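Participant: Need the complex rebuilt from these two chains, each delivered in its own frame; the hints are there to steer you.
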Amino acid sequence: MQINTKPYGPVTINEEDIIFFENGLIGFEASRKFVLLGNRDANETLIWLQSIDTEDLAFVVIQPPVVKPDYKPAIRGEEIEELEADNASDLLVYSIVTIPEEIKKMTVNLKAPVIINVKNNKGKQIILNDDKYAIKELVFTQN
Amino acid sequence: MLVLTRKRDQAIIIGDKIEITVLEIKGDQIRIGISAPKDVPVFRKEVYTEIEQENKAALKSTEGDLRNIAEIIRKNM
Chain A
12 MQINTKPYGP
22 VTINEEDIIF
32 FENGLIGFEA
42 SRKFVLLGNR
52 DANETLIWLQ
62 SIDTEDLAFV
72 VIQPPVVKPD
82 YKPAIRGEEI
92 EELEADNASD
102 LLVYSIVTIP
112 EEIKKMTVNL
122 KAPVIINVKN
132 NKGKQIILND
142 DKYAIKELVF
152 TQN
Chain B
33 MLVLTRKRDQ
43 AIIIGDKIEI
53 TVLEIKGDQI
63 RIGISAPKDV
73 PVFRKEVYTE
83 IEQENKAALK
93 STEGDLRNIA
103 EIIRKNM
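Sequence lines, in order, name chains A and B.
Each step along the first sequence adds one to the number in this note's numbering, with nothing skipped, and position 109 is 120.
Each step along the second sequence adds one to the number in this note's numbering, with nothing skipped, and position 47 is 79.
Next up, chain B with everything else stripped away, as it sits in the complex (with noise of 0.2 Å):
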């Protein structure tokens, strides 16, 4: 991982078309703004992490029969 030291207003370039930009401290919160091609998706660590555990969690689904399941959703809906 690569470690910089920012003051507020001051920013990152990654690559050609990324930029970090520190906006505000205030206590232990800082405001980030980021500045990327449409093409590029930013999320919170968070977001992306609570999909992967999802997705891990999915997976143990427990079988059976899923037609059981089907008309169960079928006759909730």
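Isolated chain A, as found in the complex (with noise of 0.2 Å):
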């Protein structure tokens, strides 16, 4: 099917490939379907999670280890069961990235990753309880 993106204009995407977000994103409750575009694996560090629905609701998303190597999200066992997973270990995990005017000012959210089971494409984003991850995490420290 067809679908219209923010960064790409019109793209082909395979129904396969929809990610189904049963409570949508936080702020963004209705959007249920997205997808994400570029080349899923490790060597494309900045892709984006698009909503089918609404073009302008695309996000960019990293892989969290890029930014914070010692990343260790405590998903919760009621969030991993939610998406039918059997361990934490099945689902990818991505962070939100902010992209300000200032590209060195760029933050990604280590406080509410985004997390997809892959093998039945459901995904959530949720709240980690610890206090440790924050919100706006900057990508780039201060030298």
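Accuracy of the hints is not assured; some may be wrong.
[Unchecked claim] Simulated restraints on C-beta separations:
| # | chain 1 | residue 1 | chain 2 | residue 2 | range |
| --- | --- | --- | --- | --- | --- |
| 1 | A | Thr65 | B | Ile64 | 33 to 39 Å |
| 2 | B | Met33 | A | Gly20 | 43 to 49 Å |
| 3 | A | Asn140 | B | Arg99 | 34 to 40 Å |
| 4 | A | Glu66 | B | Glu103 | 25 to 31 Å |
| 5 | A | Lys116 | B | Gly59 | 36 to 42 Å |
For the record, the hints were derived by calculation from the structure and aren't laboratory data.
Everything numeric in this text was worked out from a predicted model, so none of it was measured.
Quick reminder that beta carbons are idealized off the backbone N, C-alpha and C, glycines included.
Facilitator: This is the structure in structure tokens:
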């Protein structure tokens, strides 16, 4: 099917690539269907999480260990179950990236990661109880 | 919004599994105890609101060649 995307205009996607967020994203609960755009393998540092229905609803996401190598999100058992996964290692974890005008001030949201079960394409944005992870974690530390 | 007035040590039950108790009142602060099943997340509202706002801010992310930005990140790490 063809969808309109914010970064690339019209793009053809496969139905089986659609990720279903039962509760949408925080603040965007009505938007349930998303797709990951861009090469999913580790070489593509920044990719897009694009809403199927709303062209402008697209987030840049990154795998958290790129910014925080020792990132260990404590995903709750109930959250793993909700996505019908067997354990946390079945889940892909992404952080939403905020890129301001000044790129050096780029931040990632480590506190509320997006988790996806690749086996059934179910996703959820969760809020970690941990105080050690910030909502606005600077990508570039001041030198 | 349902509005109830409680005194210290009084509680409220929501549904049949969530219980909220006023533990302590000190000046303009109250300490609230929340008893809920593990599958019900409980957060201070500010955290939720902050995340909502951050998601909205993320939407305004400067487009531009992400490859350039990715390159900068890789060189920095």
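Participant: Determine for every hint whether it applies to the structure shown.
Facilitator: Do the hints match the structure? See the list:
| no. | hint | verdict |
| --- | --- | --- |
| 1 | A:Thr65 <-> B:Ile64: 33 to 39 Å | holds (37 Å) |
| 2 | B:Met33 <-> A:Gly20: 43 to 49 Å | holds (44 Å) |
| 3 | A:Asn140 <-> B:Arg99: 34 to 40 Å | holds (35 Å) |
| 4 | A:Glu66 <-> B:Glu103: 25 to 31 Å | holds (27 Å) |
| 5 | A:Lys116 <-> B:Gly59: 36 to 42 Å | holds (38 Å) |
Consistency with the previously given hints is maintained throughout, with no hint failing.
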